[in-house]
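Engineer: One letter stands for each residue in the lines below.
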Amino acid sequence: MTEFKINASGLGYHSLNNLIKEYSARGPGNIKIENVFGQRYIGAGLESKVRIEISGTPGNDLGAFMSGPDITVYGNAQDGCGNTMDGGRIVIHGSAGDTVALAARGGQLFVRDGVGYRAGIHMKGDTTKSPALVIGGSAQDFLGEYLAGGVIVVLGLSHDGQRRHHGRFIGTGMHGGVIYISGGLEEHQIAGDAVASKAGEADLVTLEPLLTDFAGVFGYDKEELLSNHYLKLLPRYLRPYARLYAPGGHETAPDR
Amino acid sequence: MKTYFESRFTINRDRNLCINCTSCTRQCTFGVHYYDEKGELKSRDENCVGCQRCVAYCPTGAITIKGNLPEAASNWTREVIRDITAQAENGAVILTGSGTDKPYPIYWDRFLLNASQVTNPSLDPLREPMELDTYLGKKPDRIELSPEGRLITKLAPQVKLKTPIIFSAMSFGAVSLPVQESLARAATQLGTLWNCGEGGLHPGLYQYHENTTVQVASGRFGVSPGYLKKAQVIEIKIGQGAKPGIGGHLPGEKVNAEIAATRMIPEGTDALSPAPHHDIYSIEDLAQLVSALKEATNYEKPISVKIAAVHNSAAIASGIARSGADIITIDGFRGGTGASPKTIRDNVGIPLEFALASVDGRLRQDGLRNKVSIVASGGIRGSADVAKAIALGADAVAIGTAALVALGCQLCQQCHTGRCPWGICTTDPALSRRIDPQKGASRLVNLINAWSIELKEMLGGMGINAVESLRGNRDELRGIELNEKELSILGIRMAGE
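Heads up: the sequence lines are chains A and B, in that order. Here our numbering is used: position 116 in the first sequence is 116, and no number is missing along the way. Here our numbering is used: position 269 in the second sequence is 525, and no number is missing along the way.
To be clear, the hints were calculated from the coordinates, so they are not data collected in a lab. Do not take every clue at face value.
Stated by the list, open to error - Among the chain A residues that face chain B by a calculated CB cut under 8 angstroms, a handful are:
no.	residue
1	Arg40
2	Tyr41
3	Ala44
4	Gly45
5	Asp61
6	Asn83
7	Thr84
8	Thr99
9	Ala103
10	Lys124
11	Thr127
12	Gly149
13	Gly176
14	Glu223
15	Arg239
16	Ala242
A virtual CB, placed ideally from N, CA and C, is assigned to each residue, including glycine.
In isolation and in its complexed conformation, chain A is listed as follows (with noise of 0.2 angstroms):
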């Protein structure tokens, strides 16, 4: 495989992604960036499946439509990290900021520290695709808010083994996808468009292979991280907005 080198050290964002989007477009590779330092729309909209290992701290929109790199981030990432992703991969080797995996549609974002406001929201997948957000750490407020596919794992690990939860309104609006959320949550952290109950047995189907993979690229032990009890939410409603609408009243209003 290829490796390429690139020091961002005084790059803006666009003199960045051209040099990216030119070793992509030679194959596989492994494309190696250092001092990156608050460049926006790394990797935006990039189809090629290739490698991309960032140092020090990307800036908003990382991966934004993206739907083939793998990206790995030695440091923290800000808002908006995997905007309408599409597909491959994002780890995060620190926390993330606000609206992480923004309407995303497919492929995965590990986090291996806590993340913002409203990460994962509006995710959502079809019978092709649907995309993961894990989160090692915890999430702020409106965590899964217009959920509609997809699934989202938050793991609390940062949390002493405590593993607390203080986000709120969690799955606002959520009318797909499930949310697992390790270490429980009070009654009114959740939202009431989400329903909770204990994850068991068939729940292993979708965690076990989206934390084996976390385990292994942040180096935890998988069995524990599976031996975590697991609240699971799911939306109250798939059509939470049937009821609100009625034709006009100059026609038969439909059977509810």
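Starting from the known structure of chain A, fit chain B onto it as the hints suggest.
Structural biologist: For chain B alone, coordinates are given in the frame of chain A:
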């Protein structure tokens, strides 16, 4: 002398249906229905107040009442009564389709176009070349030429339209696939653009990619790198004239297998577009999405930002022009919709005419007009509206409802039900087949060609031989029935001035 009160209502009783149950005689408190001495059911029409109680309680539907309560002058129109009744029944938001039918003033009809007489010659478009070519995209502040006259300045991406009329965004789901195919084929034949809306792009329409605008809306349906690459223009949909400030909900029953695949969601689920984009809470955030899309598509495509015409459109447009966007689409409050809460459609937003004039004026004032092209949409009915919109400051106009009318739409406003008998606003495959894309495209081509000829005639009459000389040329407009304030906002003078 005899006093005569005209009966306001006429009772019709279908004798075949009437079962003499006496319900009407009991329900009426004004003694309209009665049995005469021979035991025959009769009515005193002059007593009827039109309350419809007997109609509602007639078990066989035998009674109809002709005649109307005075409606136009009333606060309580039949429509208001129907809506209140329906909401009392179901406690829900009333949905409707197409553009508002409320009698707001149509300002296009208060503008008059100029023509040359004596002092400058009018041109005959049938004899002389007339230019309708329009380029959408960011124009440079200045251009640099090499000594040999070659252009050195690197231009931002431009999309060439052979006529300044494009098709508005109408998603697969809101309209049927044959409608989209009609639009796509017509746009290709005409050398203009169609817009797939926010519901993704069906693979069957990829072949029309050279004339396709794709949308990135808050739901991000069907957005993939491939989708972005299948576009001439990428449009960030912020708002829509028929429903400014709110999102969209495509109900699960419309999400059949093909819609689901195109939107990239499971079959039968609601497709929810949130009201805002959750990565856009500011102009800076908008700039970020514009840049992300440009980075993702190598700066090869103009990025459009579509907003609804609202109170602060001018300031918003100024921000959009600074965000790096190449095109601003302004959708006026008369714009159509596949489904919108009626109260939003009929009460939110402002007329396109005012928004367009103030946006164009503000961008000029800020020295930003060349940074963006302006597309005006929302209720454009004919070539005169096109000419007036361009004179008011638009680079091009987009038509939605007019295009659907060309395909058979009669504005029955039932788009939201998905049961369009013309096969236009439906996802039912059987109904969709009522539109033949080939014939549909040919009707659309005819329509746009006809408007283009008329536009050339109007331009020629003004002594102008290129549509770009009409752009923002408000001197070619005069107002009638407009007050000082209206004239000042529109930036035009009164007829006779």
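Engineer: Hint by hint, note whether the structure agrees.
Structural biologist: These are the hints, each one checked on the structure:
Interface hint at Arg40/A: satisfied, since its Cβ lies 7 angstroms from the closest Cβ of chain B, which is below the 8 angstroms cut-off. Hint status for Tyr41/A relative to chain B: holds, with the closest Cβ pair at about 4 angstroms, below 8 angstroms. The closest approach between the C-beta of Ala44/A and any C-beta of chain B is roughly 4 angstroms, which is under the 8 angstroms cut-off, so the hint is satisfied. Of the supplied interface hints, the one on Gly45/A holds, with its beta-carbon coming within about 2 angstroms of a beta-carbon of chain B, less than 8 angstroms.
Evaluation of the Asp61/A hint against chain B yields a held restraint, the C-beta minimum of about 5 angstroms falling below 8 angstroms. Annotation: interface hint on Asn83/A holds; nearest CB of chain B at approximately 6 angstroms, less than 8 angstroms. Given hint, Thr84/A at the interface with chain B, holds; its Cβ is 5 angstroms from that chain's nearest Cβ, closer than 8 angstroms. Among the interface hints, the one on Thr99/A holds; its C-beta lies about 6 angstroms from the nearest C-beta in chain B, closer than the 8 angstroms criterion.
Of the supplied interface hints, the one on Ala103/A holds, with its beta-carbon coming within about 4 angstroms of a beta-carbon of chain B, less than 8 angstroms. Against a cut-off of 8 angstroms between C-beta atoms, the interface hint on Lys124/A holds, since the closest Cβ of chain B lies about 6 angstroms away. For Thr127/A, the suggested interface contact is upheld, since its CB lies about 7 angstroms from the closest CB of chain B, less than 8 angstroms. Residue-level restraint check for Gly149/A holds (minimum Cβ-Cβ distance to chain B is 7 angstroms; threshold 8 angstroms).
Below 8 angstroms, beta-carbon pairs count as interface contacts, and Gly176/A has one with chain B at about 6 angstroms; its hint therefore holds. Taking 8 angstroms as the C-beta cut-off, the interface hint given for Glu223/A is violated, the closest approach to chain B being about 33 angstroms. Interface restraint check for Arg239/A: the shortest CB-CB distance to chain B comes to about 5 angstroms, inside 8 angstroms, so the restraint holds. Using the Cβ-Cβ criterion of 8 angstroms, the hint placing Ala242/A at the interface with chain B is satisfied: the shortest such distance is roughly 7 angstroms.
Hint 14 from the list above is the single one not met by this structure.
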